[in-house]
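Participant: One-letter residues, chain by chain:
Number of protein chains: 2
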Amino acid sequence: MNDLFLRACRRQRVERTPVWMMRQAGRYLPEYRAIRAKADFMTMVKTPELAAEVTIQPVDIIGVDAAIIFSDILVVPDAMGMPLEMVESRGPVFRAPIRSRSDVDALNVADPERALRYVMEAIGVTKRSLAGRVPLIGFAGSPWTLATYMIEGSGSKEFKHVARMMLDEPEVLDLLLDKLATGVRLFLEAQIAAGADAVQIFDTWGGFLTPDHYKRFSLDYIFKIVSNLHRDGAPVIIFSKGANHSLIDIAGVGADVVSVDWTADLAEVRNRIGEKVAIQGNLNPSYLYASPEQIRREVRSILRKFGNGSGHIFNLGHGIFPDVPVEHARALIRAVKEESPAFHG
Amino acid sequence: MNDLFLRACRRQRVERTPVWMMRQAGRYLPEYRAIRAKADFMTMVKTPELAAEVTIQPVDIIGVDAAIIFSDILVVPDAMGMPLEMVESRGPVFRAPIRSRSDVDALNVADPERALRYVMEAIGVTKRSLAGRVPLIGFAGSPWTLATYMIEGSGSKEFKHVARMMLDEPEVLDLLLDKLATGVRLFLEAQIAAGADAVQIFDTWGGFLTPDHYKRFSLDYIFKIVSNLHRDGAPVIIFSKGANHSLIDIAGVGADVVSVDWTADLAEVRNRIGEKVAIQGNLNPSYLYASPEQIRREVRSILRKFGNGSGHIFNLGHGIFPDVPVEHARALIRAVKEESPAFHG
Chain R
4 MNDLFLRACR
14 RQRVERTPVW
24 MMRQAGRYLP
34 EYRAIRAKAD
44 FMTMVKTPEL
54 AAEVTIQPVD
64 IIGVDAAIIF
74 SDILVVPDAM
84 GMPLEMVESR
94 GPVFRAPIRS
104 RSDVDALNVA
114 DPERALRYVM
124 EAIGVTKRSL
134 AGRVPLIGFA
144 GSPWTLATYM
154 IEGSGSKEFK
164 HVARMMLDEP
174 EVLDLLLDKL
184 ATGVRLFLEA
194 QIAAGADAVQ
204 IFDTWGGFLT
214 PDHYKRFSLD
224 YIFKIVSNLH
234 RDGAPVIIFS
244 KGANHSLIDI
254 AGVGADVVSV
264 DWTADLAEVR
274 NRIGEKVAIQ
284 GNLNPSYLYA
294 SPEQIRREVR
304 SILRKFGNGS
314 GHIFNLGHGI
324 FPDVPVEHAR
334 ALIRAVKEES
344 PAFHG
Chain Y
4 MNDLFLRACR
14 RQRVERTPVW
24 MMRQAGRYLP
34 EYRAIRAKAD
44 FMTMVKTPEL
54 AAEVTIQPVD
64 IIGVDAAIIF
74 SDILVVPDAM
84 GMPLEMVESR
94 GPVFRAPIRS
104 RSDVDALNVA
114 DPERALRYVM
124 EAIGVTKRSL
134 AGRVPLIGFA
144 GSPWTLATYM
154 IEGSGSKEFK
164 HVARMMLDEP
174 EVLDLLLDKL
184 ATGVRLFLEA
194 QIAAGADAVQ
204 IFDTWGGFLT
214 PDHYKRFSLD
224 YIFKIVSNLH
234 RDGAPVIIFS
244 KGANHSLIDI
254 AGVGADVVSV
264 DWTADLAEVR
274 NRIGEKVAIQ
284 GNLNPSYLYA
294 SPEQIRREVR
304 SILRKFGNGS
314 GHIFNLGHGI
324 FPDVPVEHAR
334 ALIRAVKEES
344 PAFHG
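Line by line, the protein sequences are chains R and Y. In terms of the working numbering, the first sequence opens at residue 4 and continues consecutively. In terms of the working numbering, the second sequence opens at residue 4 and continues consecutively.
For reference, chain R alone in the conformation it holds in the complex (with noise of 0.2 Å):
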């Protein structure tokens, strides 16, 4: 097995820099295109095989290290009695979203056995298919990130009822949170049991926050995660996007892992935490339409700030849109991998 990805998750020596890519089992891929062509979102999500499919198709076509099972945050949300729709070209939409104290009262903390149980089975088929060649990513999203979505119904720039909710009804928000809390360390857990060999939390929204205000709402949150998580030796990784202001405070919740985005000096990072957790990140996605020379340029660019030594995993610092060359995708994996020996020496 190429355990490149779970041992630099350790800080272990590794030959290389292992790689991946957020949202790499995605549209930018053909063969994907090919499956999303026949079956909506929701459908591939919830059909095990499909998800397996295309969960593998990166290991195999662009030569990934980690696989990440395909899904979506929002299944946790529709799992507690949200049922969630896919609208084109608005993305995720709930038609009842979250207001009030009762609102809250009526989710489910989601039993993830029974109804996010297709996860765990696409997990087992696509652990069966790969059959050890690389590892397999589960996840969920943060507290904060899922609450975000569910309060306001769908995506938001305003963040208009969830700044209300946070500064008005605090203590309705730290209901909710509490609840997903439970409920996302209880799926992540699944997740593992079910064959995950590491688990991410997206936490996409935590930007949106003062630096109190994430500490307060976000971290808060994902540390009752993670401390309370068995784990059974699988590594965690944090992603709190737009919070790199908190980066030390994110390297004690006991995660492995804190991935950063492009905005974060991989050289600072690593001087500040990287004595604590490995580091994950973080090419621009946009970086990806450049040429593929000038894609090896700036991997070796971010090797170096790293320098020398384990605890790194190559990433970008957000998902890969749609519409990258899978040639370019292809550059940053080959350039990962060609560039980064030299800083294993």
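In short, the hints are calculated from the structure, not lab data. Errors might be hidden in some of the hints.
A pair holds if it fits inside one copy or across any two, identical chains being indistinguishable in the list.
Stated by the list, open to error - Okay, derived cross-link-like pairs now, DSBU-like style, lysine-lysine, Cα gap no bigger than 35 Å in a straight line: (1) 163 - 340; (2) 41 - 227; (3) 308 - 163; (4) 163 - 244; (5) 244 - 308; (6) 160 - 340; (7) 308 - 227; (8) 49 - 227; (9) 130 - 41; (10) 244 - 227; (11) 308 - 41; (12) 244 - 160.
Bear in mind the structure is a predicted one, so any value in this text is a computation, not a measurement.
Please arrange chain Y on chain R, whose structure you already have, making use of the hints.
Facilitator: Just chain Y now, kept in the frame of chain R:
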């Protein structure tokens, strides 16, 4: 004249913290919507009497301590030969974006006295109407931020063409940024000559860049503007959104004020750069959806973060949203006026 704003920009003693809001002349005001119902956005921008009227509205209606001329950062490319269209639901559009060296060569360095005369006239009308009640701020986009719109042709999430040009043909991008730096400098000088008491450079998309590329493609050109600017005593404010990673460098380009969004902790910011520059910010604009009581609490928390003494201009970390209740905007201004004297004892 209420010169609290100008004194705070210069870190001189003030009796209370001055306050204004980015996008304060905007749709959240019924009086603005009444004018907007009769004239489209660009007509308002290009008609000095209309621009002056909406510029002054927030001074009269909610009591801000500074006015900012009603305009748009994209008037500069418009004046350079790229006609700007405001398309409903899509925002600003340039039909013929910049994609090559010959596109850049074809741009005029705007002669602001001619091509942007309407801005200077609006400043003149506004100054006469204000009659010294509060200072008037002029502004421009940063070369980098203007370039992103000119290259993409509209607002963008992927920054596809920008990333390509930046990495594959940096010499073309430099040529464009250089022209823009000259045009922006001349434009800011013309605004100051027409009566602007201070100027702000909006670098809305600084956060798209890695720290190294931010310095190379955004901050260096801001430095070029600031260091060559005949400012006649007018303070210069820099707002590079998402570039908190480079605060010390930003504070070093020679501006008087650095504006920060809500992801910065003002105590830390003051600690790092407060000896060199005044600091503007940093309420999360979404927090204005909360109740007036909670808005006041957030105001107090920000004032406490900055601490005692001058050098703080209260503002939002981004423009006010169109559906914020006027009463909440007024509550913000009132809270700053009532809570801040305690910090200037």
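Participant: Could you work out which earlier hints the structure fails to respect and list their numbers in ascending sequence?
Facilitator: 2, 11
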